[in-house]
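Trainee: The residues making up each chain are set out below.
There are 2 protein chains.
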Amino acid sequence: MEFFRMRSLRKTVLLAIVASVVLVVALLHSWPTRAYTTVDVRQRPGPIVERHLEERLPEPDQRSTNIAYRLKESVAGLLARNGCVCEGESGGVNLPFAQLLFPRVSAHPLHTAFDASELEEMKRRRAKEYQGFQMRSQTPVDMLIVAEANNPLQYPTQGVEVRPLKTILIPGLALQDLPRELYTVNFTSTLGVLNVAAEVEGVKVKGDGEMHMTLMSSLLPNLNRQLQFVSYTNTLFHPSTADTVQFETEGHQAMFTIKIRHRVTPKLYNTGPKGEYNISALVTIATKTFLRYDKLQDLIDSVRRYYPTVTIVIADDSENPKTVSGPYIEHYIMPFGKGWFAGRNLAVSQVTTKYLLWVDDDFIFTANTKLEKLVDVLEKTTLDLVGGAVREATGYTATYRQTISIEQGEEEEGDCLHMRRAFHHIIQGFPNCVVTDGVINFFLARTDKVQQVGFDPRLARVAHLEFFIDGLGSLHVGSCDDVIVNHATKIKLPWVSQSESDKTYAKFRYPPASSDATHTKNGLLYFKNHFQCLTHN
Amino acid sequence: MEFFRMRSLRKTVLLAIVASVVLVVALLHSWPTRAYTTVDVRQRPGPIVERHLEERLPEPDQRSTNIAYRLKESVAGLLARNGCVCEGESGGVNLPFAQLLFPRVSAHPLHTAFDASELEEMKRRRAKEYQGFQMRSQTPVDMLIVAEANNPLQYPTQGVEVRPLKTILIPGLALQDLPRELYTVNFTSTLGVLNVAAEVEGVKVKGDGEMHMTLMSSLLPNLNRQLQFVSYTNTLFHPSTADTVQFETEGHQAMFTIKIRHRVTPKLYNTGPKGEYNISALVTIATKTFLRYDKLQDLIDSVRRYYPTVTIVIADDSENPKTVSGPYIEHYIMPFGKGWFAGRNLAVSQVTTKYLLWVDDDFIFTANTKLEKLVDVLEKTTLDLVGGAVREATGYTATYRQTISIEQGEEEEGDCLHMRRAFHHIIQGFPNCVVTDGVINFFLARTDKVQQVGFDPRLARVAHLEFFIDGLGSLHVGSCDDVIVNHATKIKLPWVSQSESDKTYAKFRYPPASSDATHTKNGLLYFKNHFQCLTHN
Chain G
0 MEFFRMRSLR KTVLLAIVAS VVLVVALLHS WPTRAYTTVD VRQRPGPIVE
50 RHLEERLPEP DQRSTNIAYR LKESVAGLLA RNGCVCEGES GGVNLPFAQL
100 LFPRVSAHPL HTAFDASELE EMKRRRAKEY QGFQMRSQTP VDMLIVAEAN
150 NPLQYPTQGV EVRPLKTILI PGLALQDLPR ELYTVNFTST LGVLNVAAEV
200 EGVKVKGDGE MHMTLMSSLL PNLNRQLQFV SYTNTLFHPS TADTVQFETE
250 GHQAMFTIKI RHRVTPKLYN TGPKGEYNIS ALVTIATKTF LRYDKLQDLI
300 DSVRRYYPTV TIVIADDSEN PKTVSGPYIE HYIMPFGKGW FAGRNLAVSQ
350 VTTKYLLWVD DDFIFTANTK LEKLVDVLEK TTLDLVGGAV REATGYTATY
400 RQTISIEQGE EEEGDCLHMR RAFHHIIQGF PNCVVTDGVI NFFLARTDKV
450 QQVGFDPRLA RVAHLEFFID GLGSLHVGSC DDVIVNHATK IKLPWVSQSE
500 SDKTYAKFRY PPASSDATHT KNGLLYFKNH FQCLTHN
Chain H
0 MEFFRMRSLR KTVLLAIVAS VVLVVALLHS WPTRAYTTVD VRQRPGPIVE
50 RHLEERLPEP DQRSTNIAYR LKESVAGLLA RNGCVCEGES GGVNLPFAQL
100 LFPRVSAHPL HTAFDASELE EMKRRRAKEY QGFQMRSQTP VDMLIVAEAN
150 NPLQYPTQGV EVRPLKTILI PGLALQDLPR ELYTVNFTST LGVLNVAAEV
200 EGVKVKGDGE MHMTLMSSLL PNLNRQLQFV SYTNTLFHPS TADTVQFETE
250 GHQAMFTIKI RHRVTPKLYN TGPKGEYNIS ALVTIATKTF LRYDKLQDLI
300 DSVRRYYPTV TIVIADDSEN PKTVSGPYIE HYIMPFGKGW FAGRNLAVSQ
350 VTTKYLLWVD DDFIFTANTK LEKLVDVLEK TTLDLVGGAV REATGYTATY
400 RQTISIEQGE EEEGDCLHMR RAFHHIIQGF PNCVVTDGVI NFFLARTDKV
450 QQVGFDPRLA RVAHLEFFID GLGSLHVGSC DDVIVNHATK IKLPWVSQSE
500 SDKTYAKFRY PPASSDATHT KNGLLYFKNH FQCLTHN
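Chains as they are written, first to last, in numbering that gives the first Met the number 0: chain G, 0 to 536; chain H, 0 to 536.
Think of the hints as simulated: they come from the structure by calculation, not from any bench. Please read these numbers as outputs of a predicted model, since none were measured by experiment. In this text, a Cβ means the ideal position worked out from N, Cα and C, and glycines have one as well. Mixed in with the good hints, there may be bad ones.
[Said to hold, decoys possible] Listed below are several chain H residues computed to face chain G (Cβ distance under 10 Å; list not exhaustive):
#, residue
1, Asp207
2, Met215
3, Leu218
4, Ser473
Generate the whole structure from the sequences, applying the supplied hints.
Mentor: This is the structure we're talking about:
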């Protein structure tokens with residue numbers, strides 16, 4: 000009996016021990032390891048700090064309103080007006096070939112992409128989406144800050160940066176004041192806390208570790224030594240923002256921003272062995288095809304004559320896809336008729352080399368198609384993309400250089416987009432090359448930059464410069480006229496009957512207006528990019 | 000005879016006229032319409048202006064070196080050290096399930112992805128590519144500028160911006176000097192020219208239209224009125240850069256930057272009619288599949304139960320692709336085994352709606368998979384991506400929240416990457432949601448942001464957080480635990496024999512080491528992202 004009791008007792012004790020261990024472990028595991036703060040990331044308009052700015056700008060001197068001045072038209076005329084006007088050039092010679100020799104600028108109001116019945120609704124939706132975009136892209140870094148004159152405060156106006164939730168010393172702080180009994184400076188921040196990395200003799204610190212900190216001393220050198228140890232720690236997480244810090248002393252104030260963001264992580268590519276440019280290791284050729292397998296095969300054969308091992312990526316949205324195969328060929332099948340830019344986006348999304356070369360499926364490589372020259376330009380300059388030249392059967396060679404500029408319009412209406420056949424500068428060291436904004440559909444580019452800009456899959460049919468418009472501000476574009484690819488003829492010779500596939504091609508390539516107006520070129524410029532007008536020559 | 004002579008005369012005259020017209024037209028057409036300047040866009044190290052800065056910072060007070068201070072460890076310890084050390088946590092309890100309950104931090108030196116034989120060459124190539132990256136991403140906007148104390152000059156320290164090749168008035172300029180006989184200020188720029196939009200009485204302007212301009216007056220109010228008309232015109236084209244302007248008066252100087260760049264062009268999406276969230280208009284479901292058509296069909300069937308018309312984009316790199324069809328299904332065929340992230344990149348490259356929902360091909364939608372909740376979060380906050388929760392057959396539900404931070408390392412070695420199972424804050428207004436850096440493979444995101452970050456097609460097999468690492472600084476990430484999708488079981492039940500396709504799947508999903516080391520997870524972190532170490536728990 001005793002034995003039995005002993006065993007059941009041991010069992011109970013064991014059970015109790017196991018139970019308590021489990022309980023303790025569960026408790027430890029669920030024990031809140033830190034108190035989590037909340038963060039407000041809801042979309043709302045700009046920060047309150049902007050009001051301080053208007054208060055702080057000195058009132059224009061009363062007397063200045065009586066001072067005479069004369070407008071300088073040559074400069075005043077260059078300044079942005081209140082809104083942009085959608086107009087081209089009128090008049091001009093009305094001869095045959097006039098448009099060819101003296102191309103006139105035509106203007107296109109973009110709201111015309113929509114029926115009158117749907118325009119009101121589209122405007123409303125666009126305004127709502129635009130508002131959200133503005134709230135998300137606003138940053139204190141773009142706010143106008145003016146430095147007060149005769150301010151005894153010395154402080155950094157630019158270049159102070161901290162990684163999210165990390166700590167830095169704020170550089171360049173000092174006070175160069177007139178002699179006083181007591182010197183006081185204070186700091187205010189909103190997305191982080193202030194502190195001191197060391198405590199200096201003779202200086203009193205209040206509010207260290209908080210969003211408002213005061214330093215006081217009767218000895219100026221000591222206060223300045225303390226100012227060399229002021230730290231900032233970001234506490235409210237955001238991947239890319241800035242804190243506006245107010246720095247004050249008696250009778251004077253200053254404002255500066257601390258950028259809070261991750262440093263840009265590089266996206267480097269393996270380039271292959273040292274020495275000459277190894278085109279196969281550096282370049283992938285990308286193209287889109289639709290119903291033109293014969294032309295596509297001509298392209299591939301011509302490429303292989305000069306670059307036998309370079310990878311060719313082919314996006315294909317033909318109705319009954321044929322097999323396209325061979326070494327270093329990657330063939331992607333898409334839903335039928337998915338579209339031109341969707342196919343371009345697909346092809347570039349698959350590239351794993353440092354550079355990609357875009358070609359149309361009806362190009363032919365020749366001895367003049369020296370990719371090494373284009374690689375050399377991108378290896379040696381800060382350009383992201385360099386176009387070449389396309390030669391027609393007639394011998395006419397085009398580089399299709401375009402400059403693109405945006406003129407600010409009224410907020411409700413949108414900006415005006417201006418495209419011109421032109422370029423900006425010739426590139427030093429590369430006399431056959433220029434800097435521009437858009438080029439022809441034959442170009443070498445940094446893969447990471449092209450993938451970052453992307454080809455909008457909403458553009459199903461005819462589109463070209465939309466890629467460069469989307470790339471404005473991020474792509475540094477060049478164009479060289481000494482690297483040439485041939486274009487298999489497009490001239491419809493009257494005695495050659497159109498093949499069935501040619502007919503289908505024409506139907507898709509030059510289709511009637513799409514049903515979804517926001518997916519047409521002009522509808523997209525209006526809605527997606529918030530433009531009101533397009534002018535070009 | 001005369002008649003004959005008249006006709007040949009007329010002919011000659013006619014020919015002469017035609018010839019001259021052609022000549023004139025040709026001349027006009029080829030007449031240089033403007034003199035093109037050259038621009039130097041070759042890659043080279045930072046600008047000379049940096050030297051001015053070191054000269055201008057006031058010398059630290061001699062006496063300050065004798066002032067005593069005491070380090071505050073709690074703050075000093077948070078500052079970046081000279082380089083990062085690749086170490087995890089050592090020791091700790093060595094019980095079973097210890098790693099599960101108390102996950103320890105492990106450290107992985109990333110150079111180990113390479114054989115000793117190729118490491119030297121890889122380091123050299125990486126350094127060369129990194130150098131090019133640094134030269135291309137450097138901008139005067141990040142340079143440290145310190146405002147001089149007691150400077151009679153008033154000037155803008157932030158927020159001055161001009162579009163490329165355009166003109167602006169420089170705001171906030173003034174001189175608050177002591178009385179003098181003659182007041183002089185001058186400006187120096189490098190990427191554009193200075194001018195005045197109006198000429199004020201009593202002020203002499205020299206160098207207007209050039210890169211160095213001087214304003215002189217004996218009347219201070221007049222000089223200040225003139226300073227309200229100072230303009231800057233960018234003349235050297237670059238899509239995104241900044242000009243550092245030097246502003247001086249006798250005995251004092253100041254520096255400020257003018258950003259030269261295109262404004263960010265919005266990429267807005269049509270959202271469908273007003274009212275409740277129209278999921279089909281707002282969301283596209285994207286997934287990648289490989290040899291699991293049965294699971295894929297289960298996913299599609301479960302989606303259709305709740306969202307009959309939402310588009311599903313499927314990237315498929317199976318060896319013998321089967322047809323997957325149905326309304327609103329887009330099926331893309333890739334080269335066999337092209338890879339996991341290549342497939343993800345392909346799928347997202349095809350999305351034309353405002354949001355995309357990523358799902359794995361073995362998920363199952365349930366009544367708890369309320370996409371409207373996720374859409375609500377992205378519509379109402381500044382988040383770019385919000386993850387949900389994935390529920391295993393056992394009932395265990397995971398959100399896989401990860402924080403990612405980068406610690407600066409020595410330049411030659413690279414930075415240290417730290418990942419922890421954690422989050423930053425709870426989101427105000429959304430008590431089930433938090434802000435973090437990485438989430439599980441079930442998330443709703445802004446299409447334009449995901450396309451901009453991209454899934455690197457070099458990652459062929461196992462990869463997940465690499466997307467969030469590439470997205471650091473651009474993606475604002477959240478995670479909500481109240482939107483749940485089920486995971487079709489992965490538990491290998493011993494009595495169920497593996498099908499052939501299961502076996503092939505396992506072979507590709509968990510493969511032996513790849514031949515190209517830079518295309519492995521660690522090799523890519525080392526080479527592409529320039530990291531030296533990864534720590535995680």
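Trainee: Does each hint fit the structure? Answer for all of them.
Mentor: Hint by hint, here is what the structure shows:
1. Given hint, Asp207(H) at the interface with chain G, holds; its Cβ is 8 Å from that chain's nearest Cβ, closer than 10 Å.
2. Below 10 Å, beta-carbon pairs count as interface contacts, and Met215(H) has none with chain G, the closest being about 16 Å; its hint is therefore violated.
3. Checking Leu218(H) against chain G by beta carbon gives a least distance of about 8 Å; that is within 10 Å, so the hint holds.
4. Taken as an interface hint, Ser473(H) checks out: its beta carbon lies about 7 Å from the nearest beta carbon of chain G, inside 10 Å.
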